[in-house]
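Participant: Residues per chain are reported as follows:
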Amino acid sequence: MAATNVVEPKPKTNGGIVGWFAAGVGRILISIAVPLIAFVVLWQGFLFLRDSKAPQVILVLVAIVWGVGGVALLYTVTNWLVELLNPEWTRRLQPFVFVGPALAILAWFLFVPTIRTLVLSLRDATGLYWVGLSNYVYAFTDRVMLEAFRNNLLWMIFGTSFSVGLGLLIAVLADRTRFESAYKAIIFMPMAISFVGAGVIWKFVYSYKGSGSGIQEIGLLNAIVISLGGQAQPWLQQPPWNNFFLIIIMIWLQTGYAMVIISSAIKGIPSDLIEASRVDGASEVQAFFSITIPYIRGTLLTVTTTIVIFSLKLFDIVRVMTGGNYGTNVIANEFYLERFTYGNAGRASAIAIVLLIAVIPVMIYNLRQFRESKAF
Amino acid sequence: MATVKTRSFKQQKVASSLVVNGALVLICLVWIVPTLGIFITSFRDSQEIFRTGWWTVFPHRDYVPTQDIHMDQSVDVNGQISIPGVEGQYTFEQLRAGVTTPDGKKLTWFGNKRTRLIKESQLEWVAFNTNLTLKNYQDVLGGQTVTYKDANGNTIVRQGDNLIASFLNSVAVAIPATIIPILIAAFAAYGFAWLNFPGRKFLFTIVVALLVVPLQIALIPIVQDYTKLQLNGTYLSMWLAHTGFGLPLAIYLLFNYISQLPRDILESAFIDGASPYTIFTQLILPLSVPALASFAIFQFLWVWNDYLVALVFLGGQTPVLTVSLANMVGEKGQDWQLLTSGAFISMLLPLAVFFALQRYFVRGLLAGSVKG
Chain A
28 MAATNVVEPK
38 PKTNGGIVGW
48 FAAGVGRILI
58 SIAVPLIAFV
68 VLWQGFLFLR
78 DSKAPQVILV
88 LVAIVWGVGG
98 VALLYTVTNW
108 LVELLNPEWT
118 RRLQPFVFVG
128 PALAILAWFL
138 FVPTIRTLVL
148 SLRDATGLYW
158 VGLSNYVYAF
168 TDRVMLEAFR
178 NNLLWMIFGT
188 SFSVGLGLLI
198 AVLADRTRFE
208 SAYKAIIFMP
218 MAISFVGAGV
228 IWKFVYSYKG
238 SGSGIQEIGL
248 LNAIVISLGG
258 QAQPWLQQPP
268 WNNFFLIIIM
278 IWLQTGYAMV
288 IISSAIKGIP
298 SDLIEASRVD
308 GASEVQAFFS
318 ITIPYIRGTL
328 LTVTTTIVIF
338 SLKLFDIVRV
348 MTGGNYGTNV
358 IANEFYLERF
368 TYGNAGRASA
378 IAIVLLIAVI
388 PVMIYNLRQF
398 RESKAF
Chain B
1377 MATVKTRSFK
1387 QQKVASSLVV
1397 NGALVLICLV
1407 WIVPTLGIFI
1417 TSFRDSQEIF
1427 RTGWWTVFPH
1437 RDYVPTQDIH
1447 MDQSVDVNGQ
1457 ISIPGVEGQY
1467 TFEQLRAGVT
1477 TPDGKKLTWF
1487 GNKRTRLIKE
1497 SQLEWVAFNT
1507 NLTLKNYQDV
1517 LGGQTVTYKD
1527 ANGNTIVRQG
1537 DNLIASFLNS
1547 VAVAIPATII
1557 PILIAAFAAY
1567 GFAWLNFPGR
1577 KFLFTIVVAL
1587 LVVPLQIALI
1597 PIVQDYTKLQ
1607 LNGTYLSMWL
1617 AHTGFGLPLA
1627 IYLLFNYISQ
1637 LPRDILESAF
1647 IDGASPYTIF
1657 TQLILPLSVP
1667 ALASFAIFQF
1677 LWVWNDYLVA
1687 LVFLGGQTPV
1697 LTVSLANMVG
1707 EKGQDWQLLT
1717 SGAFISMLLP
1727 LAVFFALQRY
1737 FVRGLLAGSV
1747 KG
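Just so you know, the protein sequences line up as chains A and B, in that order. Just add 27 to wherever you are in the first sequence, counting from 1, and you've got our numbering. Just add 1376 to wherever you are in the second sequence, counting from 1, and you've got our numbering.
Just so you know, these hints were derived from the structure itself, not from any lab. Keep in mind that a hint or two might mislead.
What the hints assert, rightly or not - With a Cα cut of at most 25 angstroms, we get these calculated PhoX-like pairs of lysine-lysine:
hint, chain 1, residue 1, chain 2, residue 2
1, B, Lys1482, A, Lys236
2, A, Lys294, B, Lys1389
3, B, Lys1495, B, Lys1525
4, B, Lys1482, B, Lys1495
5, B, Lys1708, B, Lys1511
6, A, Lys236, B, Lys1495
7, B, Lys1389, A, Lys236
Kindly generate the complete structure, drawing on both the sequences and the hints.
Facilitator: Shown next as structure tokens:
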């Protein structure tokens, strides 16, 4: 293979000093011109997208081409520039052509904001004056926040346990039927639906017209309740039970996720393990608790943490269904209200930091797992 | 003895399979009926939506009006009322609430005492309701004024929601916000996996730590930056934000995949004098297609269904579908013909992607840990 490894001959410089100078200037000019042209093209695209009044379809097409092409162009041009340098510097800098953009974006969008939010949380509503820990005093003692904490706790406990429990039940049951994939596809389907869409779906289920003669309820739940001889209820306006009607939506959305992950873990259990337990005379239930559960414990933990984090950050469902009224407020909604409705950046930042603190145990666990995996 | 035993075992097996399938069918029904409800409602006439539940499109037994009975002026509506052709006597209050006669007819007084009108109806089988329409979809997609009739037949005028524009916005946000982070993450994952540079392990540890950071932590500073850069309301703001929030998981997943690629393929390419860039575009990208596809579906669904990021950065000027739909819930909470068709439009593309590429999606889910 060495034959193909040709060293490129140095460009002939038969013009002496002048030629060498011209070639050098040319090289420098090109290496300035190419990025410059690339930059101008991208900048013009940006201005066009920001200010143009062209029909929307055209804007969208330009946006897609510009966005995707721009990124590809950026990498190609920077790499081309780095490869112009002498080999030693190319070797040193090239890794940063690859990881640099990602690191820059991570720094801009996640790493630095964390610090900036921390600073903002110690300042007042406008971010101008230091106020010490008073935003945190608010975050941990105000009645509104305490209610949000309580509700998030409800979401975490009931939402997570039902999602994981039902997911486990369905995974185990479906594993022994012929129509497994059909059942699983139906339970999994809500994963493709937005929380806003899910909000509309369930708002219709819970809809309530009011009481009076001749009124026919068009909400499924009230129709069922009436046909069983009950009274129609405004389900979403009766605290604290309305929280549970919202949590049902989350269970509807998340059970599919839990089921898919658990199901694949169950399929990973060696069949001879199960068979051995059968030979030993273990019943289905015994085998479930003494083999299946211990074997998939790690998966259950992962699924549970993921859904707990999800329920902690939950925003869309509450925002769309009740707006946080009727005693259904949650932390992430209060964050949104503080910042974007009441314009209190300090309090909102403190609430965001509270959310961050809540996920730190998971972060530490992830880091420990990563260190043990010895990926490096 | 043995045959008896096997048979009972077999019967037991059939019975248990019936129970298992029955339970699963029941759960699946609970899962699918709410969605079915809005799907059917989105095709119904507005007046019917307000009058009756969506399940009445299926064949069912219902009270069907048979005749109007006009009470003569001589009848005293304050006492016991006897109705011609009907056994027994009823008070106005009873009739007002509706009474069922011994022969199964239902009598309901219409309006107040002065109308002297009783509606008689009878329980009958009602066939499939075929009065379905696409008008709701036309109304909700266009930006023009929309008129429809409510339960009492009053005409109501609403501003249309122009969901076509929102749909295009969603496409313009979602496609680059899917491809850009994948591209950037693939470059980075390759760098972390196969190139050596100082701080490599430390930087990757930070990526892992950022996996679970809630994006709320970033919103306030990023809004400040965007205001300074005049980026609020642009597609670019959304691409960058979704890239930033999606990158940790993308890098993590793609790193796991790319670092497992067979070493000798890459090494022989290195020996042949290929530059890292050539290796990346000619070897790594084609070899990583399964992982890229998995993450692409993941990210696409996430971006398409995102509400918070779009609400904060795009707001009302260029709303994506989720934002438009949420606004509709706020402004037109009872206009179910618009809400249901709007919801269905917002679900169309993700559901199609989901069912077409479910296998890749599941693979991506299994490979990923937790998303921040």
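Participant: Are the hints correct? Go through all of them and say.
Facilitator: Status of each hint after checking the structure:
Distance restraint check for Lys1482/B and Lys236/A: the Cα-Cα separation of roughly 23 angstroms lies within the 25 angstroms cut-off, and the hinted pair is therefore satisfied. At most 25 angstroms may separate the alpha-carbon atoms for a hinted pair to count; Lys294/A and Lys1389/B meet this at roughly 21 angstroms. With a CA separation close to 23 angstroms, the supplied pair Lys1495/B and Lys1525/B stays within the 25 angstroms bound. For the given pair, Lys1482/B sits about 8 angstroms from Lys1495/B by alpha-carbon distance, which is consistent with the 25 angstroms threshold.
A C-alpha spacing of about 17 angstroms is found between Lys1708/B and Lys1511/B, which places the hinted pair at or below 25 angstroms, so the restraint holds. Proximity of Lys236/A to Lys1495/B is assessed by CA-CA distance (about 23 angstroms); at most 25 angstroms being required, the pair is judged to hold. With a C-alpha separation of about 47 angstroms, the suggested pair Lys1389/B and Lys236/A falls outside the 25 angstroms cut-off, and the hint is violated.
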